[in-house]
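*Asks:* Sequence:
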Amino acid sequence: MILCKDISMHFGGKKLFDNVSFTLKTNNKYGLIGANGSGKSTLVKLIKGEEELTSGDIVISELLKISALSQDQFKYENDRIIDVVIQGNEILWDAMKEQDALSNKSDVTNEEGYRIAELESIIYENDCYTAESNAEIILQGLGIDEKDFKEPLKKLSGGYKIRVLLAQCLFSNPDILLLDEPTNHLDILSTQWLEDFLKKKFKGILLLISHDHDFLNSTCNNILDIDYNTITLYSGNYDHFIKEKQNIAEQKELEKASVEKKIAKDKVFIEKFRYSAARSKQALSREKKVQKIDVPELMRSSRIAPKFLFKQKEKSGQEVLDISELSQSFKENPLFQNLSFKVNRGEKIAVLGINGIEKSTLLKTMLELITPTNGSIKWGHNTKYSYFSQDHHDLIKGNVSAIDWLMDATNESNISTIRGALGRMLLTQNQVDKLVNVLSGGEAARLLFAKITLEKANILVLDEPTNHLDLESRIALANSLKSFEGTIIFVIHDRHFISTIADRVIFMNKGRTIDFPGKYNEFRKNIVNFLKFKGL
1 MILCKDISMH
11 FGGKKLFDNV
21 SFTLKTNNKY
31 GLIGANGSGK
41 STLVKLIKGE
51 EELTSGDIVI
61 SELLKISALS
71 QDQFKYENDR
81 IIDVVIQGNE
91 ILWDAMKEQD
101 ALSNKSDVTN
111 EEGYRIAELE
121 SIIYENDCYT
131 AESNAEIILQ
141 GLGIDEKDFK
151 EPLKKLSGGY
161 KIRVLLAQCL
171 FSNPDILLLD
181 EPTNHLDILS
191 TQWLEDFLKK
201 KFKGILLLIS
211 HDHDFLNSTC
221 NNILDIDYNT
231 ITLYSGNYDH
241 FIKEKQNIAE
251 QKELEKASVE
261 KKIAKDKVFI
271 EKFRYSAARS
281 KQALSREKKV
291 QKIDVPELMR
301 SSRIAPKFLF
311 KQKEKSGQEV
321 LDISELSQSF
331 KENPLFQNLS
341 FKVNRGEKIA
351 VLGINGIEKS
361 TLLKTMLELI
371 TPTNGSIKWG
381 HNTKYSYFSQ
391 DHHDLIKGNV
401 SAIDWLMDAT
411 NESNISTIRG
421 ALGRMLLTQN
431 QVDKLVNVLS
441 GGEAARLLFA
451 KITLEKANIL
461 VLDEPTNHLD
471 LESRIALANS
481 LKSFEGTIIF
491 VIHDRHFIST
501 IADRVIFMNK
511 GRTIDFPGKY
521 NEFRKNIVNF
531 LKFKGL
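Following the numbering used here, the numbering of the sequence shown begins with 1 at its first residue and continues without gaps.
Hints may be right or wrong, so weigh each one.
[Said to hold, decoys possible] The list that follows gives simulated cross-link-like pairs (lysine-lysine, DSS-like), each with its CA atoms no further than 25 Å apart:
| hint | residue 1 | residue 2 |
| --- | --- | --- |
| 1 | 243 | 265 |
| 2 | 384 | 456 |
| 3 | 65 | 14 |
| 4 | 378 | 311 |
| 5 | 201 | 161 |
| 6 | 200 | 65 |
| 7 | 311 | 482 |
| 8 | 348 | 265 |
| 9 | 331 | 155 |
| 10 | 161 | 348 |
| 11 | 281 | 252 |
| 12 | 348 | 315 |
[To be verified] Distance windows between CB atoms, simulated:
| hint | residue 1 | residue 2 | range |
| --- | --- | --- | --- |
| 13 | 265 | 243 | 42 to 50 Å |
| 14 | 337 | 25 | 20 to 28 Å |
| 15 | 341 | 426 | 32 to 40 Å |
| 16 | 302 | 441 | 35 to 43 Å |
| 17 | 456 | 133 | 51 to 59 Å |
| 18 | 391 | 317 | 47 to 55 Å |
| 19 | 284 | 57 | 48 to 56 Å |
Please keep in mind that the hints were generated in silico from the structure rather than gathered at the bench.
Glycine included, every Cβ here is placed at the ideal spot set by N, Cα and C.
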């Protein structure tokens, strides 16, 4: 159990939350949500003991084991991947290392012999003989190739190293598991596996920060919401939280309206009878009561979503794109081969696949930003596309301010139009005056969206458009794209986003491509049987 009693956290003159109390209980999964900068990561650090409270107490039994995703991947660079995972159980790993060291000595003293026996008992109690197979199951679930298990961690790319460290976290089987955006480096398959693992296997306290709607919904049975400078605990999943919070907000609005209505009615009475000989005392008495009435204050939520306005200046032809026998390779290694499909006006196509399958390369090849190894690309009549790159700095370059870059990129000379587009993306004056090469990932993403809204193209090609967006912004983006009348081709790992928008799925997997004409949920049901992808 984690007991948070009257906790307050003020950071750099900013009040994150004040005088808050709540309890986190075993065998419960808590989604921790809030606007960017609201204090989610700070609360996790407080629980880990890495930050100090302004006031209050967080009480956690010393007997409880806390595990969080390691931030130091370089610590394990030369260790075998399987060993990195097993190190999640520190007691087991330390006992194994000490036993190896003692057993390899040529002369073992009686005392060391007793110690070896003691270590054997510790190792047995910590399931040493199933440790490696359990670690392998977790690694496979998170998408690590079996042939790499005995390789050093440094062989993997950054995203896959994070997966191994996540596996270490899960293997440790802690009493308290703290996960901050664990799905960021996962594909759809490994996200589904992690979701199932946390629901079915983990029995401790889970505190999860995530911007993945479906992941929160499926994994968590409680929501901790940081807003209005406080932390509120809601029972139920994310969808239930949304409804409950909306109901509470509406009730507060009704209460305020009721009080204001009563005050207005009393003021009419007061003005009518203020100078009446018969009723002036009554009017004066009522005026004093009105002066003492506190009108409920409706605090402003810290959650503000950008306003995405996607409109096409003119329609494209019916046939938007014709891809025929398209192949792409890198240093003679094939990335995809003989890919053929057509795109018609108004389709919203999700391009999916496990990580490592070059979905981003497909988009760039399709847009003729890179030359294909083979095949043809034919864009239809009157087609104009806008492109959102996963690496924003592929498109945003130069030693100019954000506002000047946007004017130049869109050839828009009307400063009011430019500022309007930036304002709808919640970019402040300080942010739009920044040089583009120092913009944060989130700022650069919103600048790109401002550009796209001004271009009014009839085709949107989007590569991981939600990477730097919070939940509210993701929902706003999805709803706007859903109502867009043009064509959308997008790569993304957010299942809720896919379900909301896509009416067609192209799935790429190691040279095999499935073109599914239907919604994502239908795709999941049908494709599992066809390809036998567990948990897709």
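*Asks:* Decide, hint by hint, whether the structure agrees.
*Replies:* Here is what the structure says about each hint:
At most 25 Å may separate the alpha-carbon atoms for a hinted pair to count; residue 243 and residue 265 exceed this at roughly 33 Å. Among the hinted pairs, residue 384 with residue 456 is consistent with the structure: their alpha-carbon atoms are about 9 Å apart, no more than 25 Å. The suggested pairing of residue 65 with residue 14 is violated, with an alpha-carbon distance near 31 Å, which exceeds 25 Å. This hinted pair checks out: residue 378 and residue 311 have alpha carbons roughly 24 Å apart, not beyond 25 Å.
A distance of roughly 23 Å separates the Cα atoms of residue 201 and residue 161; the hinted pair therefore holds under the 25 Å criterion. A threshold of 25 Å between alpha carbons decides the hint, and for residue 200 with residue 65 the separation of about 20 Å falls inside it, so the pair holds. Restraint check for residue 311 and residue 482: the C-alpha separation of about 12 Å stays at or below 25 Å, so the hint holds. A threshold of 25 Å between alpha carbons decides the hint, and for residue 348 with residue 265 the separation of about 54 Å lies outside it, so the pair is violated.
Using a Cα cut-off of 25 Å, the hinted pair residue 331 and residue 155 holds, with the two alpha carbons roughly 19 Å apart. Restraint check for residue 161 and residue 348: not satisfied, since their Cα atoms lie roughly 33 Å apart, outside the 25 Å limit. Restraint check for residue 281 and residue 252: the C-alpha separation of about 33 Å exceeds 25 Å, so the hint is violated. At roughly 15 Å between alpha-carbon atoms, residue 348 and residue 315 fall within 25 Å of each other, so this suggested pair holds.
The supplied range of 42 to 50 Å is broken by residue 265 and residue 243, whose beta-carbon atoms lie about 33 Å from each other. The hinted range of 20 to 28 Å is not satisfied by residue 337 and residue 25, whose Cβ atoms lie roughly 52 Å apart. A hinted range of 32 to 40 Å for the beta carbons of residue 341 and residue 426 is consistent with their spacing of about 36 Å. In this structure, residue 302 and residue 441 break the distance hint of 35 to 43 Å, their C-beta atoms being roughly 20 Å apart.
In this structure the hint that residue 456 and residue 133 lie 51 to 59 Å apart at CB holds, the actual value being about 56 Å. For the pair residue 391 and residue 317, the beta carbons lie near 31 Å from each other, so the given range of 47 to 55 Å is not met. Taken as a hint, the range 48 to 56 Å holds for the pair residue 284 and residue 57, whose Cβ atoms sit roughly 50 Å apart.
In summary, the numbered hints that this structure violates are 1, 3, 8, 10, 11, 13, 14, 16, 18.
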